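Asker: Chain by chain, the residues run as shown.
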Amino acid sequence: MVNGNKNILRSVLILSYIILIGGVIYGISAVFSYLNTGADRSKMLHTEIKKVDQYVPKLMWESLSNEGRPMDTQTLKALENDYLDAWYVKQVAYKTNITEGLKDYYTDNARKNLYDFIDLNTNTGITIESTTLEHHPKVEFFSEDGQQAVITDHNVIEYKRVFKAEKLVLETTEVATYKIVFLLEDGFWRIRHLVKERVENYKDKKDLILTKNLKIKGINYYPRATPWDMFGETFSKDTIANDFKIIKEAGLNSVRIFVQYEDFGKANVDKTKLEKLKQTLDVAKANNLKVVITLFDFYGDYSVLDWTLNQRHAETIVSNLKNHPALLAWDIKNEPDLDFESRHKELVIAWLDKMIDLVKSVDDKHPVTIGWSNTISASILKEKVDFVSFHYYEDLDVLEKKVENLKLETPNKLIAITEFGLSSYKGLWNPFGNNKESQANYHKKAQGIFNDNDISFMSWTLYDFMQIPKEVVGRLPWRKRAQEYFGFIDQNGETKPAFKYISKP
Amino acid sequence: MQYKLTYIFLLGLILLSSYTVAQNNENTDLKLFTSTTNFEAGKMVVLKFSTSQAIKPLLYCANSYGSTIVSPSLKNNILQYVIPKNMTQKIGVVNWEIIEDTISVTGKFNINPKAEVAVMETYIGPPSIEAGGTDYTMLVVIPTDALDNPIAENTIVNAKHQFLASEKTEAISTKNLIAYKNVYSQKTSGRILMASECLNTNSKEFTVHVTPAVPTDFTITARQSHQYADGNQVTTFITSVLKDKHNNVVSDGTFVTFFITNTNGDILKTSGTTINGVATSKMIHPDHEEQWHIKAYVTGMAESNTIILNYKQVILDFDVVFSKNNRDITIGHLQSFLNQTIPDGLQVKLSIYKNNKRIESYTKTSREGFVHFNLKHHVFKNATYKIIIKTAGLEKIYKSKTLW
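Just so you know, the sequences run in chain order A and B. Position in the first sequence (first residue = 1) + 27 = this note's numbering. Position in the second sequence (first residue = 1) + 1 = this note's numbering.
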């Protein structure tokens, strides 16, 4: 017994000694290696480009015919940059009531006017979130020595949300014309005088596209191996061509695909991804399928100062694809109503409203919709969308009633269910779930309702997926598992019973 | 002139006063009875509404620089909104809206600049221009009122400038918040003084330099104390007065380069800058007979004629004495053109060859008419060498000198 205790004591002592020494050596080596790392040579010259796009409203210069010295494009670009930065710092200043940054873009006398406003608004508890969406400036005058310039900025679309005591009191969109005198000081084109010459209320453009006769029989599509990462490294035209062939042969006429905002490079759209998207549409064309492109997937900010970046993103994609023969429609955002709670309903709706205007200003041929997550939200912005679309994962028995109500609200517009489906997952995380048979019955029933009521549909989805990124349904395993089994074709590539009812009852 | 001013002023007033803004106050018991829609900057603006209800909705208003919210005061069924001072002081359109869900009352009014000028903000550039009548400078004036607002469109600004005997006043009018005038140079160089005036407020004085244009071709001369190639005196090159095509003397400091080409075709270069149009530059005489061709340039602009200078040989012959086993070589007495000892510093070059291969050469300068060389034992072993001595363009060859 005594011997045993001694041995235990010995081994504890030796072990703790080893651990202690190990710790000390590790510590010394960490300090040593830290002291041995020098500055990275490549960073010595600070050559990295630090400019980040923060404020990129649509800006179109009128053709140059100014008085004074002829304007050159380089100066014009510098003027444009500083002018937009001036707007940006002003928006930030009025949002936070802090004067940071104003000095660089407004001269001593001009910035006093902004400071006065900030004082006034600070004292009365007013903050203003605002942005401008369009500028149409014209150079009126450029001085011979290149130190002064005057521009008239026509029809600036200004969107403002005015808060008093942190409560939204007014949301307004104005169209204003400004005359601005700039002075070149310290290398900055600073605003010296700013005069609002005209202002009107913004009027929506309401050129709707008739969609009554459209008949969508489609499916939401992601490749089997790379769901939610369709345009990544593993993008394969052949895989997509193969899948589209299956879809076409199953009697469907369209697919719904997703463009992720960040993945596509935000305001500076990644050209290679755009090319892959174009190739996808080419494949669809080859298979005689039409494509609904859903923009802004995985985007959830909506903050007013982010709008100009969002709009440039949408503008690039829409303008590049608007003439593609396979394009069917633009779905502005997937289930934006899910962000109502966290991002404020009015803000999300205003964002959608302005985004529809932008997409329509670029592409007036293809219909626009919003993929609402349920029928209750589906009538929001019904005047603005060309057809109403929503997702339906609820009880099929009440579907007819809900569609009927929606039809009463939005006559003369196509109503499409752009997502519906049932997971055939039954297992550890959901022992009472549906099996493949009940999935097949669900689709049979749904197709019956669609057929009887002439409803356009797009089902979720072609494949059972093996991996669901956490951004889609979160990390919870029962959600992930369920999401993996919505397909008509299982993970082994075998068609499930529901496949029979993919396009007809 | 006076009539024109009055006319423009009246026309401006008529235009301003005829500017009315549509009001949209349907379905409401809020009635705006502030009918004025034009206010002078700095004047108090109060929007008054008659109302039957005791509601006090907020008023949103926005001007050129920003937006805010105004709370009303309600007295005897009259709602009063006092527009903040910082908004009434800046010109431009102010749009407003009553924030009330059930009614929509909106409108706008104009703040116009005061009919007075407090500051003549003046910019002139470029600050120097070229004489000749084609180059010009621009006067930009931003007349502002006491509240730092640019004054009304089409206000007359008198641009005045003086140059030599001429004094001119020209009326220009404000447009796009500024007024500007191009002022052209004349044929003579000098200074233009400028000022401006608007509504009886005068600006400061501004100066623009009219610099001479680029020089035209010129001539050069050389001045030297004698024509001998003594390697000691200097020759001075002088340009004629450099002038532009309008006969203005070019600016001081114009850079002139003299290129000297010698008999061998080598080029020597010297340069100077002009003072009062004349540039001078110097070059030391050669130490042997030479012919120099000299031409001067103002690079890229003008050039001179070519002059030729001949330098006469001063040393016709020189003595060489070998001593101390032929290892001590003394050259001299070197004498100049008056048989005087040549001034210290004449170069003498000694080259030593063995088997027609040069093994060493030394250069020394004369001192009191003599040059000494000493050929050391450890460098030059006892043998026979060829020795060449050169000075003042002359050469003496000793084909085989034995050193021991």
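Keep in mind the hints are simulated off the structure, nothing from the lab. Fair warning: there could be bad hints in the mix.
Stated by the list, open to error - Listed next, with one range per pair, are the computed distances between beta-carbon atoms: (1) THR126/A - LYS176/B: 29 to 35 Å; (2) SER53/B - ASN240/A: 19 to 25 Å; (3) SER53/B - TYR142/A: 50 to 56 Å; (4) ASP136/B - TYR142/A: 39 to 45 Å; (5) GLU227/A - LYS176/B: 21 to 27 Å; (6) THR151/A - SER129/B: 29 to 35 Å; (7) GLU227/A - ALA55/B: 49 to 55 Å; (8) VAL120/B - THR100/A: 32 to 38 Å; (9) THR202/B - TYR142/A: 23 to 29 Å.
Unchecked claim - Over the 10 Å line for every Cβ pair with chain B, so calculated as not near, a few chain A residues: (10) LEU91; (11) GLU94; (12) PHE168; (13) ASP172; (14) GLN175; (15) VAL196; (16) THR199; (17) HIS220; (18) ILE236; (19) LYS272; (20) ASP517; (21) TYR528.
On a predicted model such as this, the values are computed, not experimentally measured, just so you know. Beta carbons: idealized from backbone N, C-alpha and C, even for Gly.
Asker: Taking the minimum C-beta separation from GLU94/A to chain B, is that value above 10 Å?
Answerer: 8 Å, violated
Asker: Beyond 10 Å from every chain B Cβ: check whether that's true for ASP517/A.
Answerer: About 54 Å separates ASP517/A from the closest Cβ of chain B, which puts it past 10 Å; holds.
Asker: Range hint 29 to 35 Å: satisfied by the CB atoms of THR151/A and SER129/B?
Answerer: 52 Å, violated
Asker: Look at the Cβ atoms of GLU227/A and ALA55/B and judge whether their distance stays inside 49 to 55 Å.
Answerer: 32 Å, violated
Asker: Going by Cβ atoms, does VAL196/A stay more than 10 Å from chain B at every point?
Answerer: Contrary to the label, VAL196/A does not stay out of reach of chain B, its closest Cβ about 5 Å off (not over 10 Å).
Asker: Is 32 to 38 Å right for how far apart the beta carbons of VAL120/B and THR100/A are?
Answerer: At 34 Å between Cβs, range holds.
Asker: Just double-check THR199/A for me: nearest Cβ-Cβ distance to chain B has to come out over 10 Å.
Answerer: 7 Å, violated
Asker: Looking at TYR528/A again, its CB stays over 10 Å from all of chain B?
Answerer: 49 Å, holds
Asker: How does the Cβ-Cβ distance of GLU227/A and LYS176/B compare with 21 to 27 Å: does it lie in that range?
Answerer: The hint (21 to 27 Å, Cβ to Cβ) holds, given that GLU227/A and LYS176/B are roughly 24 Å apart.
Asker: Over 10 Å from every CB of chain B: does ASP172/A meet that, or does the non-interface label fail?
Answerer: 3 Å, violated
Asker: Quick one: work out the minimum CB distance from GLN175/A to chain B and report holds if it exceeds 10 Å, violated otherwise.
Answerer: 5 Å, violated
Asker: Can you let me know if the beta-carbon spacing of ASP136/B and TYR142/A is within 39 to 45 Å?
Answerer: 42 Å, holds
Violated hints, in rising order: 2, 3, 6, 7, 11, 12, 13, 14, 15, 16 and 17; the structure is consistent with all others.
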